[in-house]
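Trainee: Protein chains in written order, with the UniProt record's numbering: chain A, 1 to 389; chain B, 1 to 389.
Be aware that one or more of the hints could be misleading.
Said to hold, decoys possible - Simulated DEER-style distance windows between Cβ atoms:
(1) A:A146 to B:E17: 42 to 48 Å
(2) B:G114 to A:E219: 36 to 42 Å
(3) A:G385 to B:A54: 42 to 48 Å
(4) A:D333 to B:A213: 33 to 39 Å
(5) B:D333 to A:G196: 40 to 46 Å
(6) B:R83 to A:P70: 34 to 40 Å
(7) B:G211 to A:Q23: 20 to 26 Å
Said to hold, decoys possible - Just a few of them, taken from the derived set where beta-carbon distance is under 7 Å, the chain A residues facing chain B:
(8) P97
(9) G238
(10) F382
As the list claims (entries may be wrong) - Covered by chain B, according to a simulated footprint, are these stretches of chain A (three or more residues, beta-carbon under 8 Å):
(11) 8-14
(12) 100-111
(13) 122-136
(14) 140-150
(15) 265-276
Source of the hints: derived by calculation from the structure; they are not laboratory data.
All C-beta atoms, glycine included, are put in the ideal place defined by N, C-alpha and C.
Number of protein chains: 2
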Amino acid sequence: MQIARRTSDIRPFHVMEILARAQALEREGRDVVHMEVGEPDFPTPPWVVEAALAAIQGGGVKYTPAAGLPELREAIAAYYGQRYGVRVEPRRVFVTPGASGGFLLALGLSVEPGAGVALADPGYPCYANFVRLFDGVPHLVPVDAADRFHLSWERVSHYWGGGMRGVVVASPANPTGTLIEPGVLRELIGFVQERGGFVVSDEIYHGLEYGAASPTALEFSDEVCVVNSFSKYFGMTGWRVGWVVVPEGLVAAAERLAQNIFISTAMPSQVAALAAFAEENIRELERRRGLFRERRDFLWAGLQELGFGIPARPEGAFYIYADCGPFSRDSQDFARSLLEETGVALTPGLDFGKHRPEGFVRLCYTAPLARLAEGLARIGGFVRGGPGG
Amino acid sequence: MQIARRTSDIRPFHVMEILARAQALEREGRDVVHMEVGEPDFPTPPWVVEAALAAIQGGGVKYTPAAGLPELREAIAAYYGQRYGVRVEPRRVFVTPGASGGFLLALGLSVEPGAGVALADPGYPCYANFVRLFDGVPHLVPVDAADRFHLSWERVSHYWGGGMRGVVVASPANPTGTLIEPGVLRELIGFVQERGGFVVSDEIYHGLEYGAASPTALEFSDEVCVVNSFSKYFGMTGWRVGWVVVPEGLVAAAERLAQNIFISTAMPSQVAALAAFAEENIRELERRRGLFRERRDFLWAGLQELGFGIPARPEGAFYIYADCGPFSRDSQDFARSLLEETGVALTPGLDFGKHRPEGFVRLCYTAPLARLAEGLARIGGFVRGGPGG
Ligand SMILES: Cc1ncc(COP(=O)(O)O)c(C=O)c1O
Ligand SMILES: Cc1ncc(COP(=O)(O)O)c(C=O)c1O
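Can you make the complete structure from the sequences, with help from the hints?
Mentor: Encoded structure:
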């Protein structure tokens, strides 16, 4: 069988190589500090677990409506009212297998073959690959610390024209943890919409902000797709449940597409997700947010002390994108050597785009403070005593 | 936002309209016999439930490897050895969110924009829509009782050429419940492969056969994609877990695609699925298969007695595709009137293609015998006394 061209354009993630090597080292008995994995270390909160257990008992686990359990769609819609003061009709909410499923819907609905889509570089690598899946053309727009690593209408305008049809924005961002300024987001949405383009806003790290909270793109326009998930703030990665809010005009098409490509999202996961909105659970999530903030502060200060550059203060998610230029000319080489010599795993910039990836590494603070301290101490020894130190 | 052209080509399912109306009647207090839903009525077996409960307790529900839990991939690979005597390397097995997710992988890997894909008409409607999702061109090949409603190399050869690139085969089939003859399948695979085309075999109804069991397409070639699922024989629809076996040459690309579009399949569902292979569970599933056979025999005899034509004996799945020509010129009108007047819900042929859909309705025997008897009695009253009776 021959492979469709779109697939050969999809590159493997370097973090997988790092992860595989880290696991091999662990099998050899080495202690590895994992700072490469973008997944909260906390377990699923007990109220959520309880709800899932109750749903499964008795075995009545059946297909749900394609768009999701009506109660869950209503709870998500209500969350937009509570959190952002934005009115969202439940019919615009589609429950999906993670934000990943949300991108399948949002981009399947928007990307024509050959259509250009603007993406921030560095950025989450899957955006470009979802665009390729639908035979669109990802346009990586270099962004820097001066932009807080975010797209703006000015940046995008240099690339507009020539088949450009839409944009994916994400704040807080992976890998930088930076937030886009609300005014910049509003203007970017305006710019793209005036040109008849589409906007998909990835809000998966909403809730994990350590200063001001982010506005949703829905505060600026109803004509955008907003993708979100229970994976990160709600700490439910392995359940695979997320959602997308679509404009009213896309509701019928989203319904048809979801019926065909998902039939439905896993029922136990949907029932679990519904429990995630309970007050006591949100209290626990806010406590966890406090812990993430402590970790961020600790790692941010510690890395700078060691001489890493962190050109834009990370205000959200659980990532720090650190300039390792003072220690190495090649971040991939840096990451590999660091892992071999000290057992600290992190992700080279190469996974996030083409804009100076050799200068950066991403560190995740998805491990307890004590482990981060251990990691930092090992990195310190490495950069002081190691090859480029 | 504008909608990508591919999406406007995806038509809504008529069964959704029937289902919605049936539920509305139920809310009004009417008793409805559901013969429209392609979902086993049995609960998830207790061993599977227990495994899921144990996996969830404590909340360690995390992303799994993109291709699935290694133990589950191994168990699925081993199943091919036990059931079919075919050797499958675990690395060729990708766990997916249902067979639906398997089609996203298999067709995302195979369908180039503009590529023609041959599909049996009548057939499962999502095949054509998956092809459209990847901007391919579904070619509906009319099949009849003389072919047991299956594709053959002769049938397909009339359509080959002109950009035709592949074929989806499915046996036992939805909506007809018929099996393809092993020799016909083998020759079809040979025909397509000689022309450099791809073959995807949907084996989701394997295990639900009431005479001879079906061979897997992997018995005839390693160079095919085989899609299967825990939804039907294993009775686990709402868990959303299935798999696809890909040729060795597609393993790396499937891995990359799965990492990007799924990250992973729901972890509780994967652990549940692993328990599905336990001996005692298979015994229970075989008992259920016996019940399905009884229902098939009952409904098959009953419908013929009433005067429906059933031109090809249904040997698998849980569907009967019945010719309602003796009672109506329009199966959609027949289905609607039947529901309104008697509260029996079934699916008009229109959902399954363009080849004489007005002449057929699909009935599911996913309800206990007593309910099927009730349904049959009501249908009897309708066709004897009703509009066309
Ligand atoms: C920026 C971003 N968007 C989307 C996702 C997809 O997450 P999920 O499918 O688990 O909701 C991730 C996962 O790491 C991410 O980092
Ligand atoms: C023929 C056929 N294939 C595939 C599917 C998809 O099933 P699932 O995604 O639940 O595995 C169905 C569901 O009804 C079906 O009838």
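Trainee: Please list, smallest to largest, the hint numbers that this structure does not respect.
Mentor: Structure breaks hints 1, 4, 7, 10, 14.
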